[in-house]
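Asker: Chains D and W, in that order, are what the protein sequence lines are.
For the first sequence, my numbering begins at 49 and goes up steadily by one.
For the second sequence, my numbering begins at 49 and goes up steadily by one.
Hints are not guaranteed to be accurate.
Copies of the same chain look alike in the list, so a pair counts if it fits in one copy or across any two.
[Stated by the list, open to error] Below 30 Å or equal to it, Euclidean Cα-Cα: the simulated BS3-like pairs (lysine-lysine) are:
#, residue 1, residue 2
1, Lys76, Lys103
2, Lys344, Lys76
3, Lys186, Lys301
4, Lys103, Lys344
5, Lys65, Lys103
6, Lys76, Lys65
7, Lys344, Lys360
8, Lys301, Lys123
9, Lys360, Lys301
Derived by calculation from the structure, the hints in this document are not laboratory data.
2 protein chains.
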Amino acid sequence: MAVYTEVSFEDLQALLKNYDIGKPTSFKGIAEGVENSNFLLTTERGGFILTLYEKRVHAEDLPFFLGLLEHLAAKGIACPVPVRRQDGAQSMTVNGRPAALLTFLDGLSLRRPEAAHCAQVGAVLAHMHDAGRDFALKRPNALGPQGWPPLVEATRARAETVQEGLANLIAEALAVTHAEWPENLPAGIIHADLFPDNVLFMNGTISGMIDFYFACNDAFAYDLAVMLNAWCFENDGSYNLTKGRALLSGYSKARALSDAEMAALPVLARGAALRFLLTRLYDWLNPDPSALVRPKDPREFAKRLRFHMRVKRAAEYGI
Amino acid sequence: MAVYTEVSFEDLQALLKNYDIGKPTSFKGIAEGVENSNFLLTTERGGFILTLYEKRVHAEDLPFFLGLLEHLAAKGIACPVPVRRQDGAQSMTVNGRPAALLTFLDGLSLRRPEAAHCAQVGAVLAHMHDAGRDFALKRPNALGPQGWPPLVEATRARAETVQEGLANLIAEALAVTHAEWPENLPAGIIHADLFPDNVLFMNGTISGMIDFYFACNDAFAYDLAVMLNAWCFENDGSYNLTKGRALLSGYSKARALSDAEMAALPVLARGAALRFLLTRLYDWLNPDPSALVRPKDPREFAKRLRFHMRVKRAAEYGI
Numbered sequence: 049m050a051v052y053t054e055v056s057f058e059d060l061q062a063l064l065k066n067y068d069i070g071k072p073t074s075f076k077g078i079a080e081g082v083e084n085s086n087f088l089l090t091t092e093r094g095g096f097i098l099t100l101y102e103k104r105v106h107a108e109d110l111p112f113f114l115g116l117l118e119h120l121a122a123k124g125i126a127c128p129v130p131v132r133r134q135d136g137a138q139s140m141t142v143n144g145r146p147a148a149l150l151t152f153l154d155g156l157s158l159r160r161p162e163a164a165h166c167a168q169v170g171a172v173l174a175h176m177h178d179a180g181r182d183f184a185l186k187r188p189n190a191l192g193p194q195g196w197p198p199l200v201e202a203t204r205a206r207a208e209t210v211q212e213g214l215a216n217l218i219a220e221a222l223a224v225t226h227a228e229w230p231e232n233l234p235a236g237i238i239h240a241d242l243f244p245d246n247v248l249f250m251n252g253t254i255s256g257m258i259d260f261y262f263a264c265n266d267a268f269a270y271d272l273a274v275m276l277n278a279w280c281f282e283n284d285g286s287y288n289l290t291k292g293r294a295l296l297s298g299y300s301k302a303r304a305l306s307d308a309e310m311a312a313l314p315v316l317a318r319g320a321a322l323r324f325l326l327t328r329l330y331d332w333l334n335p336d337p338s339a340l341v342r343p344k345d346p347r348e349f350a351k352r353l354r355f356h357m358r359v360k361r362a363a364e365y366g367i
Numbered sequence: 049m050a051v052y053t054e055v056s057f058e059d060l061q062a063l064l065k066n067y068d069i070g071k072p073t074s075f076k077g078i079a080e081g082v083e084n085s086n087f088l089l090t091t092e093r094g095g096f097i098l099t100l101y102e103k104r105v106h107a108e109d110l111p112f113f114l115g116l117l118e119h120l121a122a123k124g125i126a127c128p129v130p131v132r133r134q135d136g137a138q139s140m141t142v143n144g145r146p147a148a149l150l151t152f153l154d155g156l157s158l159r160r161p162e163a164a165h166c167a168q169v170g171a172v173l174a175h176m177h178d179a180g181r182d183f184a185l186k187r188p189n190a191l192g193p194q195g196w197p198p199l200v201e202a203t204r205a206r207a208e209t210v211q212e213g214l215a216n217l218i219a220e221a222l223a224v225t226h227a228e229w230p231e232n233l234p235a236g237i238i239h240a241d242l243f244p245d246n247v248l249f250m251n252g253t254i255s256g257m258i259d260f261y262f263a264c265n266d267a268f269a270y271d272l273a274v275m276l277n278a279w280c281f282e283n284d285g286s287y288n289l290t291k292g293r294a295l296l297s298g299y300s301k302a303r304a305l306s307d308a309e310m311a312a313l314p315v316l317a318r319g320a321a322l323r324f325l326l327t328r329l330y331d332w333l334n335p336d337p338s339a340l341v342r343p344k345d346p347r348e349f350a351k352r353l354r355f356h357m358r359v360k361r362a363a364e365y366g367i
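Use the sequences and the hints to build the structure in full.
Answerer: So, in structure tokens, the structure goes:
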């Protein structure tokens, strides 16, 4: 969400020698993305994003992330596409960091999406799930159920300093979610972080999806559960059933949900809320002094988790 | 140099209702500028910068800064121009911050400018000095000689923790600089912060100057002394006489320097080095926990100040 590693004009000139994209007309560090350094580059041929991958994204995962974008784009999904160098390489090293140049997507992300946006993005998620089916590479979900206990452990002692009752809420949610976690749901490539920041719109219509750096192989319905959390709650923490219904119906019109997937929605939604609660809580309790972003408030997701803990049937989400 | 105050799509939509610049096609927070929040906005009509002024720039100074840009642009200086709202206003309030929308300038800033760039930027500085002569508003230089003693005071106790001998260097430089500071040099509007970051080039030719938020009324030759510090030293701290000569000659071809101005260059260069040393030292010793940028190393300017303290005649700068 900031520039951690600087790229000078001279660095840029050197790296552009390997690409056939024309002369640069502007180059700005941008405040966007996960913990990477991102630059918006404009050349005579259009807009590009130069990303230097910092600690959270590992070089060995780049063939998965960049290959996935290329694969999805070839199937008609609007996402950034890595620009290959003249020697065919998809990535490079810039100032000691793994780096890639991607096409820039026009569009703006919404802060307060409405039901019509939720319906569109549901459909686009389903298309992405379909488009990813024959992608050859795999990547496990590091922030799935096996990833939670170490985060619970690391945050337990100080969870109560953030909110009274938080340690209990987490312990209880972990226990019931683990116990009920569904196996054998239809699975494939999921985005795993499709928050409103990561979807661009132009004049009310989706123009693209960005930030695939949590993408992995997991249950399709879990991706939808992430989106129920990310798109269908109001600022006051209340669940907006109209948005939930729009999201689920937009998705299922494009890819039908099985009975097992529908039945699993409540536990998947609990799991998704727990995942974001835990990572935010960890970052909140362990602020990185070198970070150039402020940690996000974990309590938002505590509220959503409490909501999901009370949900008994998928119908309550509007399906 | 980061985004301190967020601007959502919905905030943007609301503010664009007051402008006649078309529909937005992209909007990104950028890592640029002094301590303001900056966003790069693209619409059907071109590129713009939306700036929200944070603590360092005061609302009461905006008529000076924005009026100056409009004045300079009208005189042919390539700088951002505030876009007036349909009601004629040059600025507004966005999320509680004073804010302005400015035209975006194409071009890239250089990390390691060469002598030919120094000559160009010298000429452009002289043109800017001429263009500012009939600008009606005035603003004192808060970081001129009267501004240094409080910074010396505030940093003295811990200066030695940054570098051995630094407290003495500062005390000595303050004494001699104050004693010899020239009065009555030709003065007017100066940029006061024309570092390479603030000059854009396209294909080796200057395309614009940006970041006028330290602009003020002071001696023209002081602006040139800032540039001697900012453009003519190598990374190892050595003075590059070729670049100095190019800068001074580029400037004086466009606006002749008087004997008094030439004679004052050594003391002005000491003053400029002391000013950047002091503000960087202060920021280094008092890091703002809410800042999203890393403080710059003050020792670079200690090295330059030591160089200037040994200079006896302006000729040593290449004039």
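Asker: Each of the hints needs a verdict: does it hold here or not?
Answerer: To see whether the hints hold, each was checked on the structure:
In this assembly of identical chains, the alpha carbons of Lys76 and Lys103 lie at most 30 Å apart whether taken from the same copy (21 Å) or from different copies (23 Å). Taking CA atoms no more than 30 Å apart as the test, Lys344 paired with Lys76 passes in both settings, with 25 Å inside one copy and 19 Å between copies. Taking CA atoms no more than 30 Å apart as the test, Lys186 paired with Lys301 passes inside one copy only; the shortest distance there is 27 Å, against 64 Å between copies. Proximity of Lys103 and Lys344 under a CA criterion of 30 Å is satisfied in both settings, with 19 Å inside one chain copy and 23 Å between copies.
In this assembly of identical chains, Lys65 and Lys103 lie within 30 Å of each other by CA distance solely inside one copy; the values are 27 Å within and 41 Å between copies. Taking CA atoms no more than 30 Å apart as the test, Lys76 paired with Lys65 passes in both settings, with 19 Å inside one copy and 27 Å between copies. Taking the shortest alpha-carbon separations for Lys344 and Lys360, only the intra-copy value of 29 Å comes in at or below 30 Å, while the best inter-copy value is 55 Å. Taking identical chains as interchangeable, the C-alpha atoms of Lys301 and Lys123 lie at most 30 Å apart only when both belong to the same chain, with a minimum of 19 Å there against 60 Å between chains.
Only within a single protomer do Lys360 and Lys301 lie at most 30 Å apart by alpha-carbon distance; the minimum there is 24 Å, versus 81 Å between protomers.
Comparing the model with each earlier hint shows no violations; every hint is respected.
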